[in-house]
Amino acid sequence: MRLIKNILFSVLLSVAGQVYAQEYTAKAHAQFQAKDYDSARVLIDYAIQTNEKYNSQTWQLRGLIYRKLESPENISYREVAIESFIQARQTDTTQIYKEKINEYLYNTIIRYYNDAVTYLNEFKYTDSEKSYLMFKARYLELIDATKNFANEDIEYYNALGGGYTKQLGQLSGKDYDIVFALAISALGKVLDADSMNYLANLNAAVMYYNRGADLIVNQDPENTSIEVLMENIATAESLFLKALPLMQKAYAINPTNIEVLEGLSGIYYSLNDIENHLVYQTQLDKINLPKFLEIYQNNPNDRENLRQLVRIYSSTLKDDAQYLKFKTILDQLGG
Amino acid sequence: MLTQVKDTRSVAKALFIYNFATLIDWPEDYRKGNFVIGVLATSNDVYNELNTKYKGKSIGSQEIVVQKYASRTEIDKAHILFIGEDKSDQITSLTTQLKAKSTLIVTEKEGYLSKGAVINFVLDGSKQAYEISKPNAKKYNLVIATKLTSLAYKVVE
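Protein chains in written order, with the numbering used here: chain A, 1 to 335; chain B, 1 to 157.
What the hints contain is simulated information worked out from the structure, not anything from laboratory work. For glycine and all other residues, C-beta sits at the position ideal for the given N, C-alpha and C. Possibly wrong hints are sitting among the right ones.
[What the hints assert, rightly or not] Chain B side only, calculated, beta carbon under 7 Å to chain A, not exhaustive: (1) Lys6; (2) Lys57; (3) Ile59; (4) Gln128.
Extracted from the complex, chain A is given alone in its bound form:
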């Protein structure tokens, strides 16, 4: 089930054209067709205080009217619509509207999912998750109690985790810590549903690695005492050790992805495991070497590119002649 906002189709007014025997319901329906939803609401609310409340169609119409009137300012109208459809279901004793009412309910409940997506795009992550959880709760309660949301959870929490991850770059201090925890929690939910999910493993590994590495490289050079340095090293190590199995899973799924290879190379390097660092750095360099050589062809004075070529030919893909060639050029350019 892919519940994306843009595929939400408009609900056909299935009660349209039907003749209502009841006075207020019929009047409300007329106003509804005339698109005067406020008047329709007044009339339908009146209808449910009369004997018309025993008619399923009255409740169906009420749900449709309230759903039409729903807006960000009147978000509670959605719940009124849902409650109306529930009443419609209860008063449909012969169950002739069962399918239609279920469709109304589904198309109303899915709005919570669509809200979750909208909030995600607006970076309102807390509101987004609240809406997503509401969607799931209402779906289980009213549509299908046996529904398994594993696929939806994977899709949604990967997106949420990705959103939080993007936010981290602009944060520091406690705000960073809070959002980091939220991102890890979101990705953890994906991994609970699918421990071999590539994206969640990669993103979580990158987050742990970056956090550990940042802890080391962002230390105040002059005002970090040796005790603090050693504490930071220990904390960073624990983060690298958390990153490692996740990145290894990502590697098992996609062994030629540059980001995964960079990640493993970096994690092992930071864990002072140079042997393994070189294993992945060599794989990475094999992929990147043609690109570096092409850059050299186009711009032979690019010193950073020359440094990469010197590093590669002197360490991972050793070639003395090539090393000397690029080292000489680099030295001539000032190193």
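Assemble the complex: chain A is given as a structure, and chain B must be docked to it using the hints.
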């Protein structure tokens, strides 16, 4: 996403070296002029880190100068000499060369305290740590703060 592989090892080593500078006392004749941190290594990583972050800072009243040596013959009076693993085989010559000086020799190769280093970078599991030789420190007239020895992975008495 991964911004780039970060050189955490060199950052940690440079910060350790700076802390060594603040937690060791040099003899009187080393407390004047610049505070020289020398690097003898093929790789530029630790040198670049020291040079970028610590050059021009102070140890007491002494300004830090970071020097990269292409060979041991260039080394004269340095307060600290970091010898990269790939130049470790020069330690015997260096200890002879620096015999009459007060240079804190820092290495990063297993077993190098026994070869004359005062401090040697080692791994504690996968964590960067260091070990200290008190007898070697004494040879070079260096006084090591208790804090530094108490946090060391190993101390040779």
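So, going through the hints one by one against the coordinates:
1. Interface hint status for Lys6 (chain B): upheld, as the beta-carbon distance to the closest one in chain A is roughly 4 Å, under 7 Å.
2. For Lys57 (chain B), the interface hint holds, since its Cβ comes within 7 Å of a Cβ in chain A; the closest pair sits about 6 Å apart.
3. With its C-beta approaching chain A no nearer than about 10 Å, Ile59 (chain B) sits outside the 7 Å limit, and its interface hint is violated.
4. Here the hint on Gln128 (chain B) is kept, as its CB sits about 6 Å from the closest CB of chain A, short of 7 Å.
In this structure, only the earlier hint numbered 3 is contradicted, and the remaining ones agree with it.
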